[in-house]
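Peer 1: Below are the chains, spelled out letter by letter.
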Amino acid sequence: MIVYRALLATATAACGIVILARMAPYGLRLETLPGLVLGGAMIGLGVHRLRLIARLRGNAR
Amino acid sequence: MGSSPKPELRRSVTPWGSFSWGYSDVGADIFVGLGLVLAAAAGASNVAFLFAGIVYVSIGLAYTELAATYPVAGGGQYFVLRGLGDVFGFIAGWAVLLDFTIDITLFAWTAIDYASQLLPILVGSNHPWAHFIMTLLCIVGLCGLNVLGVRESTAFQGFVSAMDVASETLILCFGFLFAFRPDLLIHTMRFDWPTPANLMLGTSLAIISFVGLESISQAAQETQRPASIIPRTSIGLILTILVYALAYSNLALGLVPWHPIVDVHGHPVQFWQIFPNSYPGGADNQGKAVALLAAQVPYYGALAAFYVPVLGAVLLLISSNSGVFGSSRIAYAMSSTNLLPSIFQRVHARYRTPVISIVAFCGVAVLELLFAAMPSLDPHFVGIYDRFFHGESGLDFLADLYAFGAATSYSFVFLALIALRLCDPLSPRKFKIPLNIPMTFRGERVEFPVVGIIGFLGIFSILMFTLQTHPLGRIFGPSWLLLGIVLYFSYRKRKGLPILHSQKRDWRKAQVEILRSAGELELMDEYLANLKASDERRAKAQTP
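These protein sequences, in sequence, are chains A and B. With our numbering applied, the first sequence corresponds to residues 1 to 61, in that order. With our numbering applied, the second sequence corresponds to residues 1 to 544, in that order.
Bound conformation, chain B alone:
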């Protein structure tokens, strides 16, 4: 450790603060994911959410265990760096960075979609320039606020989360009590089952409703006694998000709309049928599905129709902001472990914020916005997109890349979980994923996580679905990774650092420091005792 103390984050987040931190990030995802999945997976949308939800629970448990064991802000990137080494740590971090930049654009875009429910001047297909300019202003505004170091307070996040949990619970209660028909759900699933390709597409899009678990580890960094608090709040968070995703999809398929919905010929249609691109305004509807559903819930919908668009837009803007904040923080963490150039660690002289990181990744987000919005802004581009990108643009483009980045980084996190269980069995784990096989590995008793294998197979299959069914995801996702790998190799070569191998690091010392700064002194003592016992066992084994 250096002699001059480095400034550290204050650990002042309470259990509710920790929950709301995660909720304001992951909770917003269903506002984006629901319409996209209903458009793609039709009568099997709930099955798509169920499959993605099972994978998500495994990911959530993995993050909970890892964040409670290693409470540092780097999140998935740090776990992979520690478990699999520098190259994979970089790839996982670079994939997370892609997700954060998409997060900025996608959530700003859908925040405007939700606002358009009350302000029709912002509807994307009718007023593309107004929609584009407002989204751009949101991104630039969030960038500016982050450079100035202004963040929404934990209290504000807590307030919005509490409002949203109450609102969603009420919508679902009223919906399931007064508008849900199980026979309609079963009929829809039987007669509107999608093609296998559309089911794969829907499942890969459903995973975007569960992205943002990095926030668990970010909260861990700022929570006092994280090993005790994080498992409690994370499990509540995981269950809450899972319940909402499953509930909305089941309700949407079995909903009898409060106000009958008709198509252009005047024929009545089911609620979920207003989301496919074939329905007039379907593409616009995809971006504000929760607001549309809330308005169709009997009785309560009269009130919900007015406030859900506003609540949705606020929650989505908070989530967009977490993309700006998260990308700069991950870049800072990667830079401090020599995975990215030190320029990303540079802080503004006056505001003490990582200005280069913030501006650079907001710049990437603006490029993504331009690419997504171009065909709607200039009809000349429609032909080019049709020819080269299967006509995909707008929300589809952003969702493609979001799913790719999430599936890639989560795949590595599962591998890191398994690697750390095998290579670092001495770190005390206050929370351990259930279903483990005890075994001996390199002379130490370890527990092999079966859930890690199940989760990896699940998320890897979603990654394959993404590559198979997302024309843009399979071009731009791997291109982003390739660009990053080239930058990484050239940077490491220039700095004289090992390119394919990892730098030597003293993980034991690092772990002691992590537990000490987290206030987990009992765990620190336990870790030191484990190290001592292990060293003595090894010394004994080597003595002839």
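Here chain A stands alone, though its shape is the one from the complex:
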């Protein structure tokens, strides 16, 4: 289960990086704002989940 959740978290963060990389060339403006926020939020969510998993594994040891 933990491997499955870690994979999902990594996929989410990677997807966020892809979105940021593809939106970045268009600069910061109203049209790109939701996409940039989305990219940031996806990376944040992925990292948050990975940290929780790491803490869970730490506790298990």
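Just so you know, these hints were derived from the structure itself, not from any lab. Mixed in with the good hints, there may be bad ones.
[Unchecked claim] Estimated spans, in silico, between C-beta atoms of each pair:
(1) B/GLU444 / A/ALA6: 27 to 35 angstroms
(2) B/TRP507 / A/LEU28: 34 to 42 angstroms
(3) B/ASP525 / A/TYR26: 17 to 25 angstroms
(4) B/ARG442 / A/ILE2: 34 to 42 angstroms
(5) B/ALA533 / A/LEU28: 45 to 53 angstroms
(6) B/ILE261 / A/PRO25: 25 to 33 angstroms
[As the list claims (entries may be wrong)] According to the in silico footprint, chain A covers these stretches of chain B (three or more CB under 8 angstroms from chain A):
(7) 171-181
(8) 231-238
(9) 265-271
All C-beta atoms in this analysis are idealised placements derived from N, C-alpha and C, irrespective of residue type, glycine included.
On the provided structure of chain A, position chain B as indicated by the hints.
Peer 2: Same frame as chain A, but now just chain B:
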């Protein structure tokens, strides 16, 4: 406390259970909200979701703090009762009850919409009676299951949530990797920007993608050590829901469909353009937007087209069931604090479930279904609805009321958050919303929550958008509140209870009991020490 112990809920929900409980409730909302927002806000749908999402994050943080501090099942209604008193507690609870009854109908309705993707006999506009009867059967079936006390298990919720999180992550990964074009997104936003009225309508509809945070406090009631567990799981839940809503809306606006979509003249159209009512079948598409989007994602869409409608329908039925369960539980909680007649506390002799509450609120849900479905069932009603309700019916009617109930109850929750920070600073808060201004209030050091003000202004503006742009929401929403207030006043008068004032309650004793039963013994000790120190300070200040 009475001498005979009252039966309590078992605290056995794990962190994942707590997450999946919330997810199976709030996670289903995007299945309903996406199509409605795309139809209303067109090229600014992602902006509508972004604005509603910022408000939602504030609401989520407020619920997290309040649920971790007061881990009881009453949720928003309890927080408002405690922070603002009986009258506002009733109004907030009554608005939540409206949302729960709409929840039952709206999610049962869209569950059938999703099923219709695989079973065309259920498509609403082509076979209105089949759609209506199936929705009705779902509501009656859920009512029966709840009376019998049968609930889906936490394990089942966990399984469906895990499946859905994996599915949505895969859809989004494939979508953003293979079908998303940022230049198309920017072009759509620039040339298909809606009118201000439609943007307001879209924003007010976007908030329905974030409704169901009551589940955080319901989970808090059944989680061991909620003050530690709830903040962790809630923040994950809030971020997950926000990400999905933003991701779907951005993807929908910048999606190059796997299979070209054409209009009646054979001209190619963008994906989001199949949702407005002007597009043939647009109203039907609104109810199954995620399934339609999943099918248009390259490669993975071939598989997703088959299982997403089923997964969506199951998730929506779980959410509909949470409406039946939640409404009876809120009515029970309101009844136990003398906000509603004690009849709502009556439990079935054999099944030990609040049968009156369940049947009464499912009855309201059936009435709402009838009202929503009437013009499609009998064409004679079309003229009446056109004349009096701007032609609104079906999904629009349900979404109108859902947005109204959510915006109203959330507005009160923000006020309660501020009031409780000022009036109850001694309760230990293991999780506190960031951005606070330290100050002294009535001799106590308190922290004023800036996010509470920002969130209140945001949700209050959404409430205003709802009243401004939803013809039915502004008639039926306030009417529901007015009906409730009349019932509340007559009930309190009959019972000889204060009508405009609050009953005297010993909140200190209640808080100790809440923390004790939650297993938060360290927090209970901290609270008792805070009370003692505060009493000593006051006694010292009064000594000449």
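Peer 1: Confirm or reject the claim that B/ALA533 and A/LEU28 have a C-beta distance inside 45 to 53 angstroms.
Peer 2: Hint holds: Cβ distance 49 angstroms, inside 45 to 53 angstroms.
Peer 1: Does the Cβ distance between B/ILE261 and A/PRO25 fall inside 25 to 33 angstroms?
Peer 2: Holds, since B/ILE261 and A/PRO25 (Cβ atoms, about 27 angstroms apart) stay within the stated range.
Peer 1: Do the beta carbons of B/GLU444 and A/ALA6 sit within 27 to 35 angstroms of each other?
Peer 2: violated (45 angstroms)
Peer 1: Holds or violated: the 34 to 42 angstroms window for the beta-carbon distance between B/ARG442 and A/ILE2?
Peer 2: violated (48 angstroms)
Peer 1: Given as covered by chain A, does the stretch 171-181 of chain B meet the bar of three residues or more with CB within less than 8 angstroms?
Peer 2: Satisfied; 5 residues make the cut.
Peer 1: Count the residues of the stretch 231-238 of chain B whose CB lies closer than 8 angstroms to any CB of chain A, then report whether that count reaches three.
Peer 2: As far as the stretch 231-238 of chain B goes, the hint holds, because 3 residues have Cβ atoms under 8 angstroms from chain A.
Peer 1: Against chain A, does the stretch 265-271 of chain B show at least 3 residues with beta-carbon separation below 8 angstroms?
Peer 2: Coverage by chain A is violated here, the residue count being 0 at a Cβ distance below 8 angstroms.
Peer 1: Does the Cβ pair B/ASP525, A/TYR26 satisfy 17 to 25 angstroms?
Peer 2: With Cβ atoms ~55 angstroms apart, the hint is violated.
Peer 1: Regarding B/TRP507 and A/LEU28, is the given constraint of 34 to 42 angstroms on their beta-carbon distance met?
Peer 2: Violated: the Cβ-Cβ distance is about 48 angstroms, outside 34 to 42 angstroms.
This entry does not satisfy hints 1, 2, 3, 4 and 9, going by the numbered hints stated previously.
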